[in-house]
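Please work from the sequences and hints to get the whole structure.
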Amino acid sequence: MATETTRFTTGTTTAAPGTGTGTGDTPQWGGAGGGRGKRPRRRGERGPLASFGLHATLLLAALVAVFPPAWLLVTSFKPKADTFTISLLSNFTLDNYDHVLNNTKFLTWFGNSLLIVVTTTIIGVFISSTTGYALSRFRFPGMRPLMWTLLITQMFPMAVLIVPLYNLMAQYGLLNRPIALIVTYLTIAVPFCAWMMKGFFDTIPVSIDESGRVDGLSPFGTFWRLIMPLARPGLAVTGFYTFVTAWAEVAYATAFMTGERHLTLAGGLQTFVNQHTQDWHLMTAAAVLIAVPATLVFGYAQRHLQSGLTAGATKS
Amino acid sequence: MAEAAISRLKRGTRLRRSLSNYWYAWAMIAPVVVVITGIIGWPLVRGVFLSLTNANEANVERQIGVNKIEATYEFVGLENYLDILGGSEFWDRLGWTLVWTVSCVSITFLIGLGLANMLNRSFRGRTLYRMALILPWAIPAFVSVFAWRMIFNERNGILNNLLEGQGIAGVHWLSDPTWAKLAVIGVNVWLGVPFMLIAMLGALQSIPPEHYEAAEMDGAGPWQRFWNITLPGVRSVSMTVVLLSTIWTFNMFPVIFLLTRGGPAGSTDILVTEAFRLAFIRSPRDFANSAAWGVLILLLLVLFAISYRRALRKQGEVW
Numbered sequence: 001m002a003t004e005t006t007r008f009t010t011g012t013t014t015a016a017p018g019t020g021t022g023t024g025d026t027p028q029w030g031g032a033g034g035g036r037g038k039r040p041r042r043r044g045e046r047g048p049l050a051s052f053g054l055h056a057t058l059l060l061a062a063l064v065a066v067f068p069p070a071w072l073l074v075t076s077f078k079p080k081a082d083t084f085t086i087s088l089l090s091n092f093t094l095d096n097y098d099h100v101l102n103n104t105k106f107l108t109w110f111g112n113s114l115l116i117v118v119t120t121t122i123i124g125v126f127i128s129s130t131t132g133y134a135l136s137r138f139r140f141p142g143m144r145p146l147m148w149t150l151l152i153t154q155m156f157p158m159a160v161l162i163v164p165l166y167n168l169m170a171q172y173g174l175l176n177r178p179i180a181l182i183v184t185y186l187t188i189a190v191p192f193c194a195w196m197m198k199g200f201f202d203t204i205p206v207s208i209d210e211s212g213r214v215d216g217l218s219p220f221g222t223f224w225r226l227i228m229p230l231a232r233p234g235l236a237v238t239g240f241y242t243f244v245t246a247w248a249e250v251a252y253a254t255a256f257m258t259g260e261r262h263l264t265l266a267g268g269l270q271t272f273v274n275q276h277t278q279d280w281h282l283m284t285a286a287a288v289l290i291a292v293p294a295t296l297v298f299g300y301a302q303r304h305l306q307s308g309l310t311a312g313a314t315k316s
Numbered sequence: 001m002a003e004a005a006i007s008r009l010k011r012g013t014r015l016r017r018s019l020s021n022y023w024y025a026w027a028m029i030a031p032v033v034v035v036i037t038g039i040i041g042w043p044l045v046r047g048v049f050l051s052l053t054n055a056n057e058a059n060v061e062r063q064i065g066v067n068k069i070e071a072t073y074e075f076v077g078l079e080n081y082l083d084i085l086g087g088s089e090f091w092d093r094l095g096w097t098l099v100w101t102v103s104c105v106s107i108t109f110l111i112g113l114g115l116a117n118m119l120n121r122s123f124r125g126r127t128l129y130r131m132a133l134i135l136p137w138a139i140p141a142f143v144s145v146f147a148w149r150m151i152f153n154e155r156n157g158i159l160n161n162l163l164e165g166q167g168i169a170g171v172h173w174l175s176d177p178t179w180a181k182l183a184v185i186g187v188n189v190w191l192g193v194p195f196m197l198i199a200m201l202g203a204l205q206s207i208p209p210e211h212y213e214a215a216e217m218d219g220a221g222p223w224q225r226f227w228n229i230t231l232p233g234v235r236s237v238s239m240t241v242v243l244l245s246t247i248w249t250f251n252m253f254p255v256i257f258l259l260t261r262g263g264p265a266g267s268t269d270i271l272v273t274e275a276f277r278l279a280f281i282r283s284p285r286d287f288a289n290s291a292a293w294g295v296l297i298l299l300l301l302v303l304f305a306i307s308y309r310r311a312l313r314k315q316g317e318v319w
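For the record, the sequence lines run as chains A and B.
1 is the number of the first residue of the first sequence in our numbering; add one for each residue after it.
1 is the number of the first residue of the second sequence in our numbering; add one for each residue after it.
Check each hint, because a few of them may be wrong.
[Claimed, not checked] The calculated label-pair distances, taken between Cβ atoms and stated as ranges, are:
id, chain 1, residue 1, chain 2, residue 2, range
1, A, Lys80, B, Pro264, 23 to 29 angstroms
2, B, Trp179, A, Leu63, 18 to 24 angstroms
3, B, Val33, A, Val214, 28 to 34 angstroms
Derived by calculation from the structure, the hints in this document are not laboratory data.
Ideal placement from N, C-alpha and C gives every residue a C-beta, glycine not left out.
Right, here's the structure in full:
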């Protein structure tokens, strides 16, 4: 695994090449040998003012990025009465978590979400990798139309499909069943993932396939035994993408799943704060419980993500 | 007679030959083709059909217990479309949707490019900044939107608390149409910057450093280098990313639905949330009209993609 992944992570971990001196807003500090009477700065070195500007801007941006989730986390440890106080953690409590886990349907929703998302991910990754492989290796009739269809379906707004899908599901009695959402989420994830997998397979040399064929493997055998193991970073990225997309989907989940037992996390979180109830303190605890695992998975996968996106973009 | 038989034979062998040549490929794409035709193609056809009827909650076919109730809706032709295009609601929503899309995408792009430029240098704390800036991407959007709803809370939210602490009257973040619009745009930009940042960072790192060195030798200043090397260097990635994020923003559902529910009085409803409201929030549920809105949205997007592609082609981009 390690050797395979390093190929795809170089872009994020290596130090940036010296791409210029000075920031745009203080041009007088930039330029090689621009200092009159001062020690000439080396290429890539910054003046103190530029340095300050850089850090100040980034610090501000980072604060804006981090504050809302951080505030959610802080609030989740406050008792109900303190929910909206500005103070940081005056009365630390775990009551909110206790209540959410034991007195609400949170764990049911979590289970529903997990079942739906994991199934979607497994099916989605499998069928998009076979498609990606076929698109990358074979020239066959119907290839161009398929590629166009995949591209176009990515643009499909949820608004076009949601009503007919809802009616079809209602007709076949599939509403409130996990399968309704699994099938629906495949439509969202598969077209994009197939494109991404094609990009990944394109980076794997065809000579590997050829040597497999020479050794007597069938095309499926080549795909399954030789190429799939090599494409593991790609599979990780598509799997991650499918997982995250399905985990965070709101519209279909809200429309197809009704009744407390059937909700997914996206629907469940809405029940804490609506016209009838205003349980902000419980909402924060539930939100943290939803966000933390997602953030951990993301933190693990994000370095692959950048390389995956750029590989897909430059190769396709 | 004989000729016909021969040509049939020929066609048969051709079919057999292409089957033996291509069946691997076809077998591999079969699942996706099934998925696409089954749950995109067929619903799409039905959606177009529904948009030409007067289907609503009361007259569609449905299952109640073991009883199946037959559909009783009727075909009404283009009536729904004429109603929608003749009224002002659609045009109002379209106007706001365009403002929403253009402002979200352009602000997100500018911030993303700016921050990527800053992060694409070596300095201490780079990784830390990068992780902090990506954080909004890591958290499911619906969770973040709830966090923002709490921050924007009018009576008790931290924003108004801070403002009032400064002696400034609190702002009706989510109940005043203008502020609500600014709020949804702000939250969407907040959600979108990480993706833009990562994509632009990738694009910046693909520019060979020799170009900058050469430019510097020739005496180009920072701005000149930015205009003449950085911008052309990130062009192709930008094009893709802007196209993607335009489509995403145009169809962005959770931010508006969860932050303002389209309110106050529908002023923040974009086209997709309005279509959703017609079919799933309003009572009685109006499936036919919602489907018609959906078809119109799709037409708009197709139109956009075609003109975007044409614009790219005119500039000599291969796509």
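Checked hints:
The hint said 23 to 29 angstroms for the Cβ distance between lysine 80/A and proline 264/B, and at roughly 28 angstroms that hint holds. Distance hint check: the CB atoms of tryptophan 179/B and leucine 63/A are about 22 angstroms apart, consistent with the given range 18 to 24 angstroms. Between valine 33/B and valine 214/A, the C-beta spacing of about 30 angstroms keeps the proposed range 28 to 34 angstroms intact.
Checked against the numbered hints above, the structure breaks none of them.
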